[in-house]
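Engineer: Here is how the chains run, residue by residue.
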Amino acid sequence: MRIELVKRPERSKLFAALSPFIALGLTLIAGAIMFSLLGKSPVEALYYYFIDPLREVWSLHELAVKAAPLILIAVGLSICYLSNNWNIGAEGQFIIGAITGSILPVMFPDFQSWIVLPLMLLMGVAGGAAYGAIPAYLKVRFNTNEILTSLMLVYVAQLFLDWMVRGPWRNPAGMNFPETRTFSPSAVLPEIWSASGRANWGFVFAIVAAVALWFMLSRTLRGFEVQVLGQSPRAGKFAGFSQSRMVFFAFLVSGGLAGLAGISEVSGAIGQLRPTISPGYGFAAIIVAFLGRLNPLGIIAAGLVLALSYLGGEAAQISIGVSDKVVRAFQGMLLFFVLACDTLILYRIRFVGASAAKTVEARQNV
Amino acid sequence: MFEDILITIATAATPLLIAAVGEVVVERSGVLNLGVEGMMVMGAVTGFGVALTTGSPWLGVVAAIIVGMLFSLLFGFLTLTLVTNQVATGLALTLLGLGLSGMLGEGFVGLPGIKMSYLHIPYLTDVPYIGRLFFGQDPLFYVSILLTAGVAWFLFRSRAGLTLRSIGDNHTSAHALGIKVIGIRYLAVMFGGACAGLAGAYLSLIYTPQWIENMTAGRGWIALALVVFASWRPWRVLAGAYLFGAVSIGQLHAQALGVGVPSQLLSSLPYLATVVVLVLISRNRRLTMVNTPASLGRPFVPDR
Numbered sequence: 001m002r003i004e005l006v007k008r009p010e011r012s013k014l015f016a017a018l019s020p021f022i023a024l025g026l027t028l029i030a031g032a033i034m035f036s037l038l039g040k041s042p043v044e045a046l047y048y049y050f051i052d053p054l055r056e057v058w059s060l061h062e063l064a065v066k067a068a069p070l071i072l073i074a075v076g077l078s079i080c081y082l083s084n085n086w087n088i089g090a091e092g093q094f095i096i097g098a099i100t101g102s103i104l105p106v107m108f109p110d111f112q113s114w115i116v117l118p119l120m121l122l123m124g125v126a127g128g129a130a131y132g133a134i135p136a137y138l139k140v141r142f143n144t145n146e147i148l149t150s151l152m153l154v155y156v157a158q159l160f161l162d163w164m165v166r167g168p169w170r171n172p173a174g175m176n177f178p179e180t181r182t183f184s185p186s187a188v189l190p191e192i193w194s195a196s197g198r199a200n201w202g203f204v205f206a207i208v209a210a211v212a213l214w215f216m217l218s219r220t221l222r223g224f225e226v227q228v229l230g231q232s233p234r235a236g237k238f239a240g241f242s243q244s245r246m247v248f249f250a251f252l253v254s255g256g257l258a259g260l261a262g263i264s265e266v267s268g269a270i271g272q273l274r275p276t277i278s279p280g281y282g283f284a285a286i287i288v289a290f291l292g293r294l295n296p297l298g299i300i301a302a303g304l305v306l307a308l309s310y311l312g313g314e315a316a317q318i319s320i321g322v323s324d325k326v327v328r329a330f331q332g333m334l335l336f337f338v339l340a341c342d343t344l345i346l347y348r349i350r351f352v353g354a355s356a357a358k359t360v361e362a363r364q365n366v
Numbered sequence: 001m002f003e004d005i006l007i008t009i010a011t012a013a014t015p016l017l018i019a020a021v022g023e024v025v026v027e028r029s030g031v032l033n034l035g036v037e038g039m040m041v042m043g044a045v046t047g048f049g050v051a052l053t054t055g056s057p058w059l060g061v062v063a064a065i066i067v068g069m070l071f072s073l074l075f076g077f078l079t080l081t082l083v084t085n086q087v088a089t090g091l092a093l094t095l096l097g098l099g100l101s102g103m104l105g106e107g108f109v110g111l112p113g114i115k116m117s118y119l120h121i122p123y124l125t126d127v128p129y130i131g132r133l134f135f136g137q138d139p140l141f142y143v144s145i146l147l148t149a150g151v152a153w154f155l156f157r158s159r160a161g162l163t164l165r166s167i168g169d170n171h172t173s174a175h176a177l178g179i180k181v182i183g184i185r186y187l188a189v190m191f192g193g194a195c196a197g198l199a200g201a202y203l204s205l206i207y208t209p210q211w212i213e214n215m216t217a218g219r220g221w222i223a224l225a226l227v228v229f230a231s232w233r234p235w236r237v238l239a240g241a242y243l244f245g246a247v248s249i250g251q252l253h254a255q256a257l258g259v260g261v262p263s264q265l266l267s268s269l270p271y272l273a274t275v276v277v278l279v280l281i282s283r284n285r286r287l288t289m290v291n292t293p294a295s296l297g298r299p300f301v302p303d304r
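These protein sequence lines map, in sequence, to chains R and V. As numbered in full-length UniProt numbering, the first sequence has no gaps in its residue numbers, which increase by one up to the final residue, 366. As numbered in full-length UniProt numbering, the second sequence has no gaps in its residue numbers, which increase by one up to the final residue, 304.
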């Protein structure tokens, strides 16, 4: 038996809408198989992963806390991927944004005013964007592959953060723990509705960013430019769009948003810098971007799904003793299924039996 | 002393060399597999686990090769049969590999591993200055050199290699000539997977005989950069791998000596060096254009 692809005359709208759901379904099935292999009841495991975290208000707040950075980063990445710029270093831009955003509360803890927080956010955006500009500059100026450079810079950023919190920025009153001083109240991103849970304004930023970028992509010339240059650089050239400017645009937007996510996470959810401030948000956001089919509104939903998997991982570890490492395996599988299902949008899949293939060949030979 | 340094450089270079030589074959066939890191880390965890349970490092190596190959088949099925985007699928392979290996290897953390023994040939190994360098290293070091020579011969001196390169340069023409593009690409991808698995096993059985989550630490990505750096030529990959081996050993020695530079800065040197080297090599646009397989990363759907 052989699998054959038959090109559809046009993109299938049906499968464009369905493919993320098929992928999710397949991931759940694969997950159920995986849990039974681990000797756990699959029904129970999936319940703790995907239902239990949704049952209480405080844990919905946690969902928003986890979803905010994922959505912020992923909508930025969607601009990159749509315009054919492969930024996979969002994790590094997230970290640098967190560091530059923390300059005020760490170095000038006595400076307390309402202006501190907006300045921190701006500096976070600037730091992330500047760090994203490095691979963009290297790509435009030297034709260097942005996939490899942006990824290498992630490791550099992680080591830089490690040095900062162990060296110059270590809390003088922190008993030698590798962490900065805790932020003063004026430097903490407030909670949206603190009576019921921990969700902070980062989630609002994420929704606003997603809606704004959705508007830009679908309603403005710049959005059109992103899509044209991504699908056909030649056509874009004839239309007078500049490829190099687009590279910078994509990397600055995604780097800036990753930086915003970084400082929001540190200021809102953690309250200080530590050697590790992200459970791989920058990489999980790549999955979010594709699961959301590179559409900012779809990314909001996809971000919530991935955030749920993080929460579910914690819940399942406590309740049925499944390691939280399972989460990342889950997330990896999900991306695989998403990419496989996207094939259905452009192609019909035909299974050709060996005998059928022979008759076709025989007919052709006649 | 000098011999010791050369041997440690070889130890750091060998995993990069093995993985990168495998990827040269893959990319020469026109497929861009960015999942090297994922296949490598799967090889590392399998190699470690199998060696630990059976007591034989060689069985670990074989298992790592098989797992690397199976893992690459996953990539092959998506990109070659379902014609998905190669960049995205390679990333997916890396993320899946890092996740799965973390899960599978959780029970191995902190356990003492099994180290593959070094070669020892009486008299020859004991020759002063050069004996250990040539006759006293780990067995996979020799494998890596033979592998490089074999791939160089295959790609540029054999008919099959010419066929493979023709697919990488123009898959439509190759298809028109009756060459089985997809089938050969599957084989190339599997070869790359086997090499990445072997490179992973090298890390967990020789370089640091233990299992640490994410222990590949970006080496799969550095291997990918080496392929570009070497302009898709096996012997230049070897030169590049030893250059990187020297950089990473140099920074380790500098850390041990306690030079007045933060250790984190020294640790980031291999990554920064990768960026610098990539910039230097890609600056010459024409050179890159000439060397890059023309169909690299392009989707191929045969018309029947």
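Simulated from the structure, these hints should not be mistaken for laboratory data. Possibly wrong hints are sitting among the right ones.
Just the calculated beta-carbon pair ranges, DEER-fashion [what the hints assert, rightly or not]:
#	chain 1	residue 1	chain 2	residue 2	range
1	V	Pro302	R	Arg141	50 to 58 Å
2	V	Met289	R	Arg11	43 to 51 Å
3	R	Arg141	V	Glu213	32 to 40 Å
4	V	Lys115	R	Ser36	43 to 51 Å
5	V	Thr8	R	Lys13	52 to 60 Å
6	R	Glu191	V	Glu106	29 to 37 Å
7	R	Ala16	V	Phe134	41 to 49 Å
8	V	Leu111	R	Arg348	36 to 44 Å
9	V	Leu243	R	Ile320	45 to 53 Å
Glycine residues also receive a C-beta, built at the ideal position from the N, C-alpha and C atoms.
Engineer: Can you list which hints this structure breaks, lowest number first?
Structural biologist: 1, 2, 4, 7 and 8
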